[in-house]
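Enquirer: In order, the protein sequences belong to chains A and B.
For the first sequence, my numbering assigns the number 1 to the initial residue and increments by one for each residue that follows.
For the second sequence, my numbering assigns the number 1 to the initial residue and increments by one for each residue that follows.
Take the hints with a grain of salt, since some may be wrong.
[Said to hold, decoys possible] In silico DMTMM-like cross-links for lysine to aspartate or glutamate, where the CA-CA straight-line distance does not exceed 25 Å:
(1) B:K276 - A:E115
(2) A:K465 - B:D117
(3) A:K449 - B:D269
(4) A:K449 - B:D152
(5) A:K453 - B:D109
(6) B:K228 - B:D152
(7) B:K275 - A:D430
(8) A:K453 - B:E123
(9) A:K381 - B:D117
(10) B:K121 - B:D109
(11) A:K381 - B:D148
(12) B:K275 - A:E409
(13) B:K253 - A:E464
(14) A:K449 - B:E178
(15) B:K278 - A:E408
(16) A:K480 - B:D265
(17) A:K459 - B:D264
[Claimed, not checked] These stretches of chain A come out as covered by chain B in the derived footprint (C-beta under 8 Å, 3 or more residues):
(18) 179-187
(19) 350-359
(20) 417-424
(21) 448-460
[Claimed, not checked] Chain B residues, not near chain A, derived (Cβ > 10 Å throughout):
(22) S17
(23) H68
(24) K432
Read the hints as simulated data drawn from the structure, not as lab findings.
Note that the Cβ used here is the ideal one computed from N, Cα and C, for glycine as well.
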Amino acid sequence: MDEWKPNPVIKPHKKRSWYLAWKYKLMNQRALRKLCQTGAVLFLLVTVIVNIKLILDTRRAAYAEEEESAQDYDDEMLNVEVPRHPVNSKKVLDVEVYSSRSKVYVAVDGTTVLEDEAREQGRGIHVIVLNQATGHVMAKRVFDTYSPHEDEAMVLFLNMVARGRILIFTVKDEGSFHLKDTAKNVLKSLGSQVAPFLSWRDMWTFVGKKGGEVYGEKHAKSPALSTWGDPVLLKTEVHLTSVEDAECHWPDTELNRRRKRFCSKVEGYGSVCSCKDPTPIEFNPDPLKENKVFNVPVAVIAGNRPNYLYRMLRSLLSAQGVNPQMITVFIDGYYEEPMDVVELFGLSGIQHTPISIKNARVSQHYKASLTATFNLFPDAKFAVVLEEDLDISVDFFSFLSQSIHLLEEDESLYCISAWNDQGYEHTAEDPSLLYRVETMPGLGWVLRKNLYKDELEPKWPTPEKLWDWDMWMRMPEQRKGRECIIPDISRSYHFGIVGLNMNGYFHEAYFKKHKFNTVPNVQLKNVESLRKDAYETEILRLLGEAEVLDHSKNPCEDSFVPDTEGRVYVMFIRMEQEADFTTWTQLAKCLRIWDLDVRGNHKGLWRLFRKKNHFLVVGVPASPYSSKKPSSVTPIYMEPPAKEEGAVAVPAVAAAEQT
Amino acid sequence: MQKINKNVVLALLSLTSLVFLLFQLYYYRFYLSQKNGAVFSKVRGSQSGQDSTRWHVVRKFLGLISSHNIPVYLVDPLILGLVDKDIEQIRSSPDGPSPECKYFCAPRDFTTFALLDKTWKHEVGLFRTAEKMGFQWLKIINKDPRLDGMDDLSGIEIPLHYIFKLASHAIHLVVFYERSGNYLWHGPLRLKQHTDRKFVPFRKLHFGRYPGAYEKPELLHVSIDDLKVQIPKNPSSFLEEMSHSRFLECRYKEARAFFQLYPDDSSLDAVEFRKKAKSLLHLAALTLNNLGVKFWLSSGTCLGWYRQCNVIPHSKDVDLGVFIRDYKADIIPAFQKAGLPLKHKFGKVDDSLELSFQGEDDVKLDIFFFYEEDDHMWNGGTQAKSGKKFKYLFPKFTLCWTEFVELKVHVPCETLQYVEANYGPDWKVPVKTWDWKSSPSNVQYNGVWPVDEWDDVIQIY
Numbered sequence: 001m002d003e004w005k006p007n008p009v010i011k012p013h014k015k016r017s018w019y020l021a022w023k024y025k026l027m028n029q030r031a032l033r034k035l036c037q038t039g040a041v042l043f044l045l046v047t048v049i050v051n052i053k054l055i056l057d058t059r060r061a062a063y064a065e066e067e068e069s070a071q072d073y074d075d076e077m078l079n080v081e082v083p084r085h086p087v088n089s090k091k092v093l094d095v096e097v098y099s100s101r102s103k104v105y106v107a108v109d110g111t112t113v114l115e116d117e118a119r120e121q122g123r124g125i126h127v128i129v130l131n132q133a134t135g136h137v138m139a140k141r142v143f144d145t146y147s148p149h150e151d152e153a154m155v156l157f158l159n160m161v162a163r164g165r166i167l168i169f170t171v172k173d174e175g176s177f178h179l180k181d182t183a184k185n186v187l188k189s190l191g192s193q194v195a196p197f198l199s200w201r202d203m204w205t206f207v208g209k210k211g212g213e214v215y216g217e218k219h220a221k222s223p224a225l226s227t228w229g230d231p232v233l234l235k236t237e238v239h240l241t242s243v244e245d246a247e248c249h250w251p252d253t254e255l256n257r258r259r260k261r262f263c264s265k266v267e268g269y270g271s272v273c274s275c276k277d278p279t280p281i282e283f284n285p286d287p288l289k290e291n292k293v294f295n296v297p298v299a300v301i302a303g304n305r306p307n308y309l310y311r312m313l314r315s316l317l318s319a320q321g322v323n324p325q326m327i328t329v330f331i332d333g334y335y336e337e338p339m340d341v342v343e344l345f346g347l348s349g350i351q352h353t354p355i356s357i358k359n360a361r362v363s364q365h366y367k368a369s370l371t372a373t374f375n376l377f378p379d380a381k382f383a384v385v386l387e388e389d390l391d392i393s394v395d396f397f398s399f400l401s402q403s404i405h406l407l408e409e410d411e412s413l414y415c416i417s418a419w420n421d422q423g424y425e426h427t428a429e430d431p432s433l434l435y436r437v438e439t440m441p442g443l444g445w446v447l448r449k450n451l452y453k454d455e456l457e458p459k460w461p462t463p464e465k466l467w468d469w470d471m472w473m474r475m476p477e478q479r480k481g482r483e484c485i486i487p488d489i490s491r492s493y494h495f496g497i498v499g500l501n502m503n504g505y506f507h508e509a510y511f512k513k514h515k516f517n518t519v520p521n522v523q524l525k526n527v528e529s530l531r532k533d534a535y536e537t538e539i540l541r542l543l544g545e546a547e548v549l550d551h552s553k554n555p556c557e558d559s560f561v562p563d564t565e566g567r568v569y570v571m572f573i574r575m576e577q578e579a580d581f582t583t584w585t586q587l588a589k590c591l592r593i594w595d596l597d598v599r600g601n602h603k604g605l606w607r608l609f610r611k612k613n614h615f616l617v618v619g620v621p622a623s624p625y626s627s628k629k630p631s632s633v634t635p636i637y638m639e640p641p642a643k644e645e646g647a648v649a650v651p652a653v654a655a656a657e658q659t
Numbered sequence: 001m002q003k004i005n006k007n008v009v010l011a012l013l014s015l016t017s018l019v020f021l022l023f024q025l026y027y028y029r030f031y032l033s034q035k036n037g038a039v040f041s042k043v044r045g046s047q048s049g050q051d052s053t054r055w056h057v058v059r060k061f062l063g064l065i066s067s068h069n070i071p072v073y074l075v076d077p078l079i080l081g082l083v084d085k086d087i088e089q090i091r092s093s094p095d096g097p098s099p100e101c102k103y104f105c106a107p108r109d110f111t112t113f114a115l116l117d118k119t120w121k122h123e124v125g126l127f128r129t130a131e132k133m134g135f136q137w138l139k140i141i142n143k144d145p146r147l148d149g150m151d152d153l154s155g156i157e158i159p160l161h162y163i164f165k166l167a168s169h170a171i172h173l174v175v176f177y178e179r180s181g182n183y184l185w186h187g188p189l190r191l192k193q194h195t196d197r198k199f200v201p202f203r204k205l206h207f208g209r210y211p212g213a214y215e216k217p218e219l220l221h222v223s224i225d226d227l228k229v230q231i232p233k234n235p236s237s238f239l240e241e242m243s244h245s246r247f248l249e250c251r252y253k254e255a256r257a258f259f260q261l262y263p264d265d266s267s268l269d270a271v272e273f274r275k276k277a278k279s280l281l282h283l284a285a286l287t288l289n290n291l292g293v294k295f296w297l298s299s300g301t302c303l304g305w306y307r308q309c310n311v312i313p314h315s316k317d318v319d320l321g322v323f324i325r326d327y328k329a330d331i332i333p334a335f336q337k338a339g340l341p342l343k344h345k346f347g348k349v350d351d352s353l354e355l356s357f358q359g360e361d362d363v364k365l366d367i368f369f370f371y372e373e374d375d376h377m378w379n380g381g382t383q384a385k386s387g388k389k390f391k392y393l394f395p396k397f398t399l400c401w402t403e404f405v406e407l408k409v410h411v412p413c414e415t416l417q418y419v420e421a422n423y424g425p426d427w428k429v430p431v432k433t434w435d436w437k438s439s440p441s442n443v444q445y446n447g448v449w450p451v452d453e454w455d456d457v458i459q460i461y
């Protein structure tokens, strides 16, 4: 290198004279010149070699770097991307729809999207909604229009579907018996020619765009009352529109992005996907002052009833003092649509592989959900447990915030529940009143962590035991004499009609008329008097002030209770021992309250309202409060109707119904 | 003429070589600066540029997260090391302006911050803002270990690490999760297949090689280099904790396979024993932690953790290991105070020490003291009636954190070797009859205690 320094060969022409002189000098010094030349060549060679080596080195280093960084930090599981279905660039969909007595199916581009050939199931009109841009199935419903009121549900559903969606109809077995004119007109307005004249056991298929063209319709008339129409198969083509046309143009916000994702996937949620004036998906209810349950996790137990879940989450997120970050929705099974609903509201959802069957499946799902909740929120001392078919009262969290310290401090408490089993429209009155009861109502309740971790979790019924979790929790081995706190007016409302232990009739009889609090910020009365000993004092005070009703009258008659307001009345019924509920059950029946098993009792005492008067029922002599009975009064005895021998099993079966 | 030509050739050659030389220099420098920005910091001028880049990136990042109300705290070991030297001064003047950029300009590739998961809402807005500010970011997600024990839950992947890159500096944001056992956990950093492996030199990250377990830190608001940040109140103890933070997840999958083969005992007795063992372990952990004595799950309790992630219901006692160098005379009174009377004491501090405490209802707590040799560790056993001594040999091991029955506890990191030494290659098969003198595969006969020492080395209460 030094050798080269004095060598300014770079720009020779500018310093010509110096260069010439130097050249001359060099020529005279042959040896030096030779040396320089060799040196130069050598140097050049070295440079080239070094250069090449450097390039190779850096290459290798770069590779090594790459490998190194990969080595330790590679995910062991090779997350092989599942090859996605190629984007459907086709503009036309082939649709096949089949309708017959025992089988229906719908195939879109050769893929079966509906197939139902189960016996004695799926009767009525099957409806499928397709996205007009992608051809994806957005909703699948079946309306048993052979039965009453189902046509109303169908009209409701069809009205909720956005304009432009593709609707596919097919009838299985029978779909016309209770298909009223309103529904027929709706189908007619969709372009159906046949629907208005659809009759007994006709087969019918129809494909059309809501508010647009008809792609095809086929119909087979039933020749006689006793036979069905011939099976019909409709094959047609549907022209897809562009994605742009199929979407609404909401302002680009985080919320609307969630909305868009949701609305392009599923249908049947009405105004949440309305282009013009979509209903909000964020509610921002007023916060609560001194909210003691702000950091209590909320577990929502869900199955595959996404419309229920949607309604439930709306009410939950609208409740004052809700903390969306603490909510986790546990879905029993790998259902997409409930997860879509959860994501729409920006909540977190966990799917749970179904274990076992029926009641045991629900029970295992509960266990997994509760365990996961306490794992995810290790700081939590409690968890709020909700189900997907509940409406949540606006003051649900306010109610819990005011009462939760009792659950922490009073060892004799098992839970706080938002549900009063006996709180019907005609038997509940006071939103600020709380009770202690020996039964566990469930339906929106608070569980203490140590109760779960130390007692319930290790003993939880195993999958092979087909038990109901709530029945199990009500068993004396678990409850150990502890009680739950409930409000007089429930803070939850059970709206589920479809369910494991539920049907329309049952719901109408036992749940529809349940009272539900809608008043915000109710200040609870005498919360401290709900503690174990204080409550006894309170009961004795109440019994002391209560007027004894006329026991010669029929307690089922309305006139049994005088036409007053705000008074306290007491009646005594016969109850030979702790488990003798003969008279109570008859009384509950005629009062039209929960009579399928015994609920809402506290040491042989029931508290409810009749005609806006507080109404106490004491079981004599089993109840310790029997001493309050004036000696002149004979406890009322009501005999069960004689022919109900066969119905002994009813309470046992129905007891599970409340899940 | 020929000679002149020769010279021209020579000149041309040297020109080429010079060009090569320049290219070489440039390339080398380019390569180095890409690999490690700090190498050329000695070159004047470039230093302040590089340094202030770091400071600026940190400042921008802090601005970003404070605009979204996300409370992060500094856990960068390099900076905390520097801060620790001046901690008194920094504590006393939390808002004072600083004359020079002392900490955030120090040469390094990353600045590491920690974020408590529950303190933020996972807003997507943060990343949009970050992009607008010029940050490139990378999110590393993986399975939620808090739900790992339950095979039938799914759909849950949680963010474990974020990396925000701007210019030549990157911010590593480690997400800490609260777990059962009142501690914080951060996940390992594992790249999925499609991730850009050159996004940053991942190997140089201070967090992420292994998962880690930490106590919940007390935080301190300080202003260093004119930037307001939160730091652990005691940086040196945080750094100490960091060096021993490696965490092992229980082997839930294997445990499930085990229970497939050998269904769990869910009898009332088993439930009761597990409950008692759990509360005894909690009490023991509390007592030893208060004394500052490091301990780990040993023998049957360790096997239970490793094999089935639970207490073995037929094991009848709880076993802990303690290094003899951590022995304190206070241990016995402390346990007695906690309601656990001494049941027996075998051996002495110099040799084969073993303590047993009586827990509730016949559940016994055994503490074995481990002695370290050049190539192995051992603990001792004593047969009370004969004064015979036994020695249990283990290969050398280090300690890792794990979670067991809602408790953050130590286990040997090299658990398999430890368990195999103790229980042999068939440790996967449950054995109900166990003789501590002959069953273990690492037991050695170790002579007999001299009779005159018996009073001292065999104490039974």
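Enquirer: Now look at each hint and say whether the structure bears it out.
Expert: Cross-check of the supplied hints:
1. Distance hint between K276 of chain B and E115 of chain A is unfulfilled; the C-alpha atoms sit about 54 Å from each other, more than 25 Å.
2. The straight-line distance between the Cα atoms of K465 of chain A and D117 of chain B is roughly 38 Å, outside the 25 Å bound, and the hint therefore fails.
3. Restraint check: the Cα-Cα separation between K449 of chain A and D269 of chain B comes to about 22 Å, which is no more than 25 Å; the hinted pair holds.
4. Taken as a hint, the K449 of chain A and D152 of chain B pair is honoured in the structure, with Cα atoms around 22 Å apart against an allowance of 25 Å.
5. Distance hint between K453 of chain A and D109 of chain B is unfulfilled; the C-alpha atoms sit about 45 Å from each other, more than 25 Å.
6. Restraint check for K228 of chain B and D152 of chain B: the C-alpha separation of about 44 Å exceeds 25 Å, so the hint is violated.
7. About 42 Å separates the Cα atoms of K275 of chain B and D430 of chain A, which puts this hinted pair outside 25 Å; it is violated.
8. Under the criterion of a C-alpha separation no larger than 25 Å, the hint pairing K453 of chain A with E123 of chain B is inconsistent with the structure, at around 33 Å.
9. As the CA atoms of K381 of chain A and D117 of chain B are separated by approximately 19 Å, the hinted pair is consistent with the 25 Å bound.
10. For the proposed pair K121 of chain B and D109 of chain B, the alpha carbon gap of about 28 Å is over 25 Å, so the pair is violated.
11. Only pairs whose Cα atoms come within 25 Å are accepted, and K381 of chain A paired with D148 of chain B is accepted, the gap being roughly 21 Å.
12. Distance check on the hinted pair: K275 of chain B and E409 of chain A sit about 22 Å apart at the alpha-carbon level, within 25 Å; holds.
13. Our distance criterion of 25 Å between C-alpha atoms is met by K253 of chain B and E464 of chain A, whose separation comes to about 22 Å.
14. Straight-line distance between C-alpha atoms of K449 of chain A and E178 of chain B comes to about 16 Å, which keeps the hinted pair within the 25 Å bound.
15. With a C-alpha separation of about 22 Å, the suggested pairing of K278 of chain B with E408 of chain A holds against the 25 Å cut-off.
16. The suggested pairing of K480 of chain A with D265 of chain B holds, with an alpha-carbon distance near 24 Å, which does not exceed 25 Å.
17. About 12 Å separates the Cα atoms of K459 of chain A and D264 of chain B, which keeps this hinted pair within 25 Å; it holds.
18. Judged by the Cβ-Cβ criterion of 8 Å, the segment 179-187 of chain A is not covered by chain B as claimed, because only 0 of its residues qualify and three are needed.
19. Coverage of a stretch by a chain is defined here by at least three residues with a beta carbon nearer than 8 Å to that chain's beta carbons; for the segment 350-359 of chain A and chain B the count is 5, and the condition holds.
20. Residues of the segment 417-424 of chain A with a Cβ under 8 Å from some Cβ of chain B number 0, which does not satisfy the need for three, so the listed coverage is violated.
21. Coverage of the segment 448-460 of chain A by chain B holds in this model, with 4 residues showing a Cβ closer than 8 Å to a Cβ of that chain against a need of three.
22. Separation of S17 of chain B from chain A is inadequate, the least Cβ-Cβ distance of about 5 Å not exceeding the 10 Å criterion.
23. Interface exclusion of H68 of chain B from chain A stands, the closest Cβ pair being 12 Å apart, more than 10 Å.
24. Every beta carbon of chain A lies more than 10 Å from that of K432 of chain B, the smallest distance being close to 21 Å; the non-interface claim holds.
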